[in-house]
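Enquirer: Given the structure of chain A, go ahead and fit chain B onto it with the hints provided.
If you read the sequences in order, they're chains A and B. So the first sequence is numbered by the numbering used here: it starts at 226 and just counts up by one. So the second sequence is numbered by the numbering used here: it starts at 226 and just counts up by one.
Calculated from the structure, these hints are not laboratory results. Check the hints yourself; a few may be wrong.
Each pair may be met inside one copy or between any two copies, as identical chains are not told apart.
The calculated SDA-like cross-link candidates involving lysine to any residue, where the alpha carbons are at most 25 Å apart (straight line), are [as the list claims (entries may be wrong)]:
(1) 284 to 344
(2) 256 to 343
(3) 256 to 320
(4) 323 to 349
(5) 323 to 262
(6) 264 to 339
(7) 264 to 244
(8) 284 to 273
(9) 333 to 279
(10) 333 to 273
(11) 333 to 322
(12) 256 to 284
(13) 333 to 321
(14) 264 to 324
(15) 284 to 305
(16) 264 to 228
(17) 333 to 345
(18) 323 to 297
(19) 256 to 228
(20) 256 to 335
(21) 333 to 290
(22) 250 to 228
(23) 323 to 336
(24) 333 to 305
(25) 250 to 331
For clarity, every value in this text was computed on a predicted model and none was experimentally measured.
In case you want the letters, here they are:
Protein chains: 2
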Amino acid sequence: MGERWCLIIIREAFDDVRRFSEFQKNPGLAKNILAARLKHLVDIGEFEIRPASDSSAYKEYILTERGRSGFPIVVAMQQWGERYLFEQGEIHLVLLDKENGEPLPVLKVCSSQGDRLGPADCYRQRVVTEVRGEE
Amino acid sequence: MGERWCLIIIREAFDDVRRFSEFQKNPGLAKNILAARLKHLVDIGEFEIRPASDSSAYKEYILTERGRSGFPIVVAMQQWGERYLFEQGEIHLVLLDKENGEPLPVLKVCSSQGDRLGPADCYRQRVVTEVRGEE
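Excised from the complex, chain A in its bound form (with noise of 0.2 Å):
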């Protein structure tokens, strides 16, 4: 999922786009590169092919479960770019709350007591997959 392009086609799928000739709206993304990351992102199950909505003959890509999963990062990757990546006076794209037009509340890595936590406060484990039960 790391590579930037899919990253950002998985990007465009949050904000509802399903089609190909939409994805390929955004600029820089050639046809082939597109075409290429589509089928991996399907192969790897991140989408999932679907008859176009609309009964038309067009296909639309779909984010399975796990791609929808993909959220947080997504959201943490845009509102890091939002505050490092721009100069003052730029024009680039911030990540509002529908109900009420503010921007999203930068995410924050919080305990189960909802204490905020910083790298100090955690460590990483090896520990082998658990048999996934039912959720």
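Expert: Chain B in isolation, oriented as in the chain A frame:
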């Protein structure tokens, strides 16, 4: 920041890796790639170089505020990977809370009122970057 090795190097830094020789322990990361990626990360302001904290001749790569702000991205990717990238019975790393040894709660995108938001609850809008005031 989106390049794969850059993200891996930044993740190591969040685990308190600071020296070239320590970063180099990562299997698959060739010395010349590591040197080039670290230089790039210093150039774009993710890391700063400092003299070693133990007064030895080594230098240390320390995340800047900009670099540390990538923590939610790294956590979101780690948690997504924990969920989707490993087969049952496979050994991998999970991110735990030092306080209680429990897995970190999965990052959620929330409104300022604390309600959980999905992609359909958000929109992106063009803005001109504001002059940054004191925070």
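Enquirer: Between copies, within a copy, both or neither: which fits residue 250 and residue 331 at Cα up to 25 Å?
Expert: The answer is neither: 29 Å in one copy and 33 Å across copies each exceed 25 Å.
Enquirer: At most 25 Å between C-alpha atoms: does residue 256 with residue 228 qualify within a copy, between copies, both, or neither?
Expert: So residue 256 and residue 228 pass the 25 Å test inside a copy (17 Å) and across (22 Å) alike.
Enquirer: Taking 25 Å as the upper bound on the Cα-Cα distance, should residue 284 and residue 344 be classified as within, between, both, or neither?
Expert: between (43 Å within a copy, 21 Å between copies)
Enquirer: At most 25 Å between alpha carbons: which applies to residue 256 and residue 284, within, between, both or neither?
Expert: within (16 Å within a copy, 45 Å between copies)
Enquirer: At 25 Å max between alpha carbons, let me know whether residue 264 reaches residue 339 within a copy, between copies, both or neither.
Expert: neither (39 Å within a copy, 37 Å between copies)
Enquirer: Please work out whether the CA atoms of residue 333 and residue 305 approach to 25 Å or closer within one copy, between two copies, in both situations, or in neither?
Expert: both (12 Å within a copy, 16 Å between copies)
Enquirer: How do residue 323 and residue 297 come out at 25 Å by Cα distance, when the copy is not named: within, between, both, or neither?
Expert: both (17 Å within a copy, 22 Å between copies)
Enquirer: If the cutoff is 25 Å on CA atoms, where do residue 323 and residue 336 land: within, between, both or neither? Let me know, please.
Expert: Between. Shortest inter-copy distance 10 Å satisfies the 25 Å Cα cut-off; intra-copy 27 Å does not.
Enquirer: With 25 Å as the alpha-carbon cut-off, assign the pair residue 333 and residue 321 to within, between, both or neither.
Expert: So residue 333 and residue 321 pass the 25 Å test inside a copy (16 Å) and across (15 Å) alike.
Enquirer: As a check of your reading, is residue 333 near residue 279 (CA-CA no more than 25 Å) within one copy, between copies, both or neither?
Expert: Neither, since 39 Å and 32 Å both go past 25 Å.
Enquirer: Under a CA distance limit of 25 Å, which applies to residue 333 and residue 345: within one copy, between copies, both, or neither?
Expert: both (14 Å within a copy, 21 Å between copies)
Enquirer: Is it within, between, both or neither when you check residue 323 against residue 349 at 25 Å Cα-Cα?
Expert: between (36 Å within a copy, 9 Å between copies)
The structure fails hints 2, 3, 5, 6, 9, 14, 15, 20, 25 (numbered hints given earlier, in ascending order).
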